[in-house]
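Chain order of the listed sequences is D and P.
Counting along the first sequence from 1, when you hit position 203 you're at 203 in my numbering, and nothing is skipped either side.
Counting along the second sequence from 1, when you hit position 12 you're at 732 in my numbering, and nothing is skipped either side.
Mixed in with the good hints there might be a few duds.
Each computed DSBU-like pair below joins lysine-lysine, with the alpha-carbon atoms no more than 30 Å apart [said to hold, decoys possible]: (1) D:218 <-> P:792; (2) D:257 <-> P:792; (3) P:761 <-> D:212; (4) P:792 <-> D:262; (5) D:636 <-> P:792; (6) D:347 <-> D:401; (7) D:706 <-> P:810; (8) P:746 <-> D:55; (9) P:820 <-> D:218; (10) D:218 <-> P:810; (11) D:212 <-> P:820; (12) D:706 <-> P:758; (13) D:253 <-> P:792; (14) P:820 <-> D:225; (15) D:253 <-> P:810; (16) P:746 <-> D:6; (17) D:212 <-> P:746; (18) P:761 <-> D:706; (19) P:758 <-> D:254; (20) P:820 <-> D:262; (21) D:254 <-> P:810; (22) D:254 <-> P:820; (23) D:253 <-> P:761.
With beta-carbon atoms standing in for the labels, derived distance ranges [to be verified]: (24) D:519 <-> P:841: 57 to 63 Å; (25) D:709 <-> P:807: 42 to 48 Å; (26) D:78 <-> P:804: 54 to 60 Å; (27) D:705 <-> P:729: 37 to 43 Å; (28) D:709 <-> P:733: 21 to 27 Å; (29) P:806 <-> D:6: 47 to 53 Å; (30) P:729 <-> D:709: 38 to 44 Å; (31) P:839 <-> D:37: 49 to 55 Å; (32) P:733 <-> D:78: 21 to 27 Å; (33) D:220 <-> P:806: 49 to 55 Å; (34) D:267 <-> P:729: 48 to 54 Å; (35) P:733 <-> D:606: 58 to 64 Å.
Hint data in this document are derived by calculation from the structure and do not stem from the laboratory.
All values derive from a computational prediction rather than experimental measurement.
Beta carbons: idealized from backbone N, C-alpha and C, even for Gly.
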Amino acid sequence: MPFISKIERQTDYTQFDSTVPIVIDNGGSYFRIGWAGEDEPRVIFRNIVQRPRHKTTGETVTVVSDHNPALLRYFDCTRSGPRSAFDGNVVYQFEIMEYILDFGFDRLGADQSQIDHPVLITECACNPIQSRCRMAELLFESYGVPSIAAFGVDAAFSYKYNQQLGICNSDGLAICSGFMTSHAIPFINGEPAYEACCRTNVGGYHVTDYLKQLLSLKYPHHISKLTWEKVEDLKMEHCYIAPDYTSEVRIFKKGAKEAEEKTRCWQLPWTPAPVEEQPSEEELARKAALKERQGQRLREMAEAKRSSRINELENDIRGLEFLLKQLKQVEENNVPAFLRETGYASKQEIESNLAKAIQSLRKAKGEQVETEEKMDASTADKYNLVNVPDDVLTPEQLKEKRKQLFLKSTTEARQRAKQKRIEEELEREKQMKLEEEKRLENPERYLEDLRAKYRELSEKVEQRKRLKTNGNNTNGNQNGSGGVGRGERLNAAQRERMRLLTTAAFDRGKGEDTFGIKDEDWQLYKLMSRDDDEEDEKSNEDEADLARVSSRLREIDPTFFPKAESGSSTAEPPRFRPLTKEDFQLILGVERFRCPEVLFQPNLIGIDQSGLDEMAGVSIRRLPCKNQGLEEKITKSILMTGGSCQYPGMAERLEAGIRMIRPCGTPITVVRASDPSLDAWRGASVYAAAMQFPNQTFSRTDYYEKGEDWLRRYQFNYTL
Amino acid sequence: MEAEVVEAEIVLPTHLNFKRVQMYEKYPKGQARGRHWKHLKQIIQAENYQNYPPDEPNYVNIESPPPMHPCKRICDITGFEAPYFDPRTKLRYANAEVFKVIRSLPNDYVQRYLALRNAAVVLK
């Protein structure tokens, strides 16, 4: 079950009198705070802080505990991941600790000038003094707490609480598995024996991390769905501890039906691609009719445009003819004046305009255009000056002549180009016809030839591309070191270029560099640059051929697929099959019990320490006073507590493990705490509510007088 | 600040009544904030546990020793028992099919599998 934080602001702060202590369980995963004597902590939240920047205002704000990601979209969270105040199970970042305490007290309802209640806060076993001092300082200085009790170990509180409930006895062993660490602490007469305590640095965090990594490696394309919170949920729901890892794994290896049952499958949301159904007959007919109608409409529009243009042109022609007639009637001297009125420069202009209009009219009407005739007819007058020798002409006429020469040459060139084009067309048509004939007479062989040609061409093209890109790639990479390196001139052009450069440099010999004295030397560069162009041209031709051949093949060969253009030969072939439902399923089989196995075998993730079952043995071994009776008493009451001990099957596994290391026949009972996560807080709450609690606290004055050394020796007395 | 963000109160207010020294006074904006916190290793070093009698429990001597049991070798990919070891990639594998998969993995996946076991080559 995913854990939901309780962070509502409490309103009854003022109802509590100053002697009521505030109890804080400062855990690696969750922070719990509440009033002494109560059954449940008032405020519970994850012990992490984020400091994102607001996207629009740019200010950096502090967000404690994880929140609704929808609200966090206003903030830029890329540079600020969630940070914890803990390193292992020790608080070291007191700035973050302060934010968390702020938030905790704020949600508890505090609003007066200082926190006026004694505070009981938990710490880890054998906390380094510095951390303890700093915490005391923080509470005294920033919050004005009158007295702190201390510092108790959360596992001890849990044990005491369960002892009161009768679940375990006054002599026993607490195995507490937390977020980053796990402890095994023996209790003698109700007090923890720290000399025999044992700690391994694996906890719930490592299990979740292991699961997350395994799933990401197995399903890399779903990596975005595997967030930390989601994986934690998966772990809490599906992970269990196998009574014996080897035998469990063998079941899965065999692939028996039992294994099938134990495998869980997580289906991600997935929508199948919409299947296009074949359009029915009616659909097709309707579409065809629609197309027909559209074509009709277009044709009508074109027709209308054409007729309007014809009308226009006819009007123009009529106008111009009228002008010409008028011109003929007008006398010689009045011609320029008349012309100026109409706006045309000379009679020729009018005539040429008229001719043009008639020509366009004829084109519009769809008749043949007699360009050739017109050309011939006008060449005579246009180029009348060309054949006349130079000395006879005036300077203006010379200019005219030059213009006409130029015009003539351009028109002739145009004609020649057209001719060539027509010839090429004919040529191509002839070739197509030949090919068709060839195909018709022997289709199979033709197909084979074509395929072979395709393969050849594609190989050539690819090779050239590979050479080019290889050369370019190495060029690009080596740009920092200046130019191409020594062994990477794979391209023939580059090799040639280098050869030219080096020979040019040493051509004259005799140790002197005489390159450049003669003019021919500089032709070298022309040679070098032309190398590259030639390559390009050849490659273009090949590619054009390739395109032609592949299109031909596609037309006639039903089984041909053009080879996908792959830049590198190591790319995966593209997936043609559509994605199915199975692609979006994550299967948890062996991972279900492989991950929690880390608690018992930290070797699996490379941590070279004992697992939980061995820790119990180590702890008993380390006991200062050894007598048989005590050890038996201890093994008779083994308590599992801590958030990370809630896996199904853990108790049996622990029992089996401890049985292996204890002498034969010892009575072993392993029990789980009534509420592994909250028991520590509850124990602390009960403790703080007791009458003798104020004896265990120390005040600010004490701290300042006696100093750090005294704090080091400060030990908590759990039995009151 | 948008309305819904203010309503939801996810942001920690800058001024709190019950504090004697506010955060912005304690950590003024210009200075480097987190760099002066000692990490656990440094804290333990500074503790000088060797000056105190070794019988007393302290953070270091309550650590658990390496295990007595022989370490179980499981396949890095599937989790089955793995009697075999690939010298090239240094991964453990259970049978020939897994071996094929291992040999076809790109190098960064190999390093990630090794990192799970804390056996990856770390270049600093």
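Hints, one by one, checked against the model:
1. D:218 <-> P:792: Distance of about 22 Å is within 30 Å: holds.
2. D:257 <-> P:792: The hint holds at about 26 Å.
3. P:761 <-> D:212: holds, 27 Å
4. P:792 <-> D:262: The hint holds at about 23 Å.
5. D:636 <-> P:792: holds, 29 Å
6. D:347 <-> D:401: holds, 21 Å
7. D:706 <-> P:810: Answer violated: residue 706 of chain D to residue 810 of chain P is near 56 Å, above 30 Å.
8. P:746 <-> D:55: Holds - the C-alpha atoms of residue 55 of chain D and residue 746 of chain P are around 25 Å apart, at most 30 Å.
9. P:820 <-> D:218: Holds - the C-alpha atoms of residue 218 of chain D and residue 820 of chain P are around 15 Å apart, at most 30 Å.
10. D:218 <-> P:810: Holds, because 19 Å separates the two Cα atoms, which is no more than 30 Å.
11. D:212 <-> P:820: holds, 24 Å
12. D:706 <-> P:758: holds, 24 Å
13. D:253 <-> P:792: Since the Cα atoms of residue 253 of chain D and residue 792 of chain P sit roughly 17 Å apart, the hinted pair holds (cutoff 30 Å).
14. P:820 <-> D:225: Satisfied, since the Cα-Cα distance of roughly 28 Å is no more than 30 Å.
15. D:253 <-> P:810: holds, 22 Å
16. P:746 <-> D:6: holds, 29 Å
17. D:212 <-> P:746: It is violated: about 38 Å lies between the C-alpha atoms, which goes past 30 Å.
18. P:761 <-> D:706: The hint holds at about 27 Å.
19. P:758 <-> D:254: With Cα atoms ~51 Å apart, residue 758 of chain P and residue 254 of chain D exceed 30 Å; violated.
20. P:820 <-> D:262: holds, 26 Å
21. D:254 <-> P:810: The given pair, whose Cα atoms are some 26 Å apart, holds under the 30 Å limit.
22. D:254 <-> P:820: holds, 19 Å
23. D:253 <-> P:761: violated, 42 Å
24. D:519 <-> P:841: 57 to 63 Å: 60 Å Cβ-Cβ, so the 57 to 63 Å window holds.
25. D:709 <-> P:807: 42 to 48 Å: Cβ of residue 709 of chain D to Cβ of residue 807 of chain P: about 56 Å, so the range 42 to 48 Å is violated.
26. D:78 <-> P:804: 54 to 60 Å: violated, 43 Å
27. D:705 <-> P:729: 37 to 43 Å: holds, 41 Å
28. D:709 <-> P:733: 21 to 27 Å: Violated, at about 38 Å.
29. P:806 <-> D:6: 47 to 53 Å: Given range 47 to 53 Å: holds, Cβ gap about 50 Å.
30. P:729 <-> D:709: 38 to 44 Å: Holds, since residue 729 of chain P and residue 709 of chain D (Cβ atoms, about 43 Å apart) stay within the stated range.
31. P:839 <-> D:37: 49 to 55 Å: holds, 51 Å
32. P:733 <-> D:78: 21 to 27 Å: Given range 21 to 27 Å: holds, Cβ gap about 24 Å.
33. D:220 <-> P:806: 49 to 55 Å: violated, 21 Å
34. D:267 <-> P:729: 48 to 54 Å: Given range 48 to 54 Å: violated, Cβ gap about 36 Å.
35. P:733 <-> D:606: 58 to 64 Å: violated, 43 Å
When the structure is compared with the earlier hints, violations turn up for hints 7, 17, 19, 23, 25, 26, 28, 33, 34, 35 and for no others.
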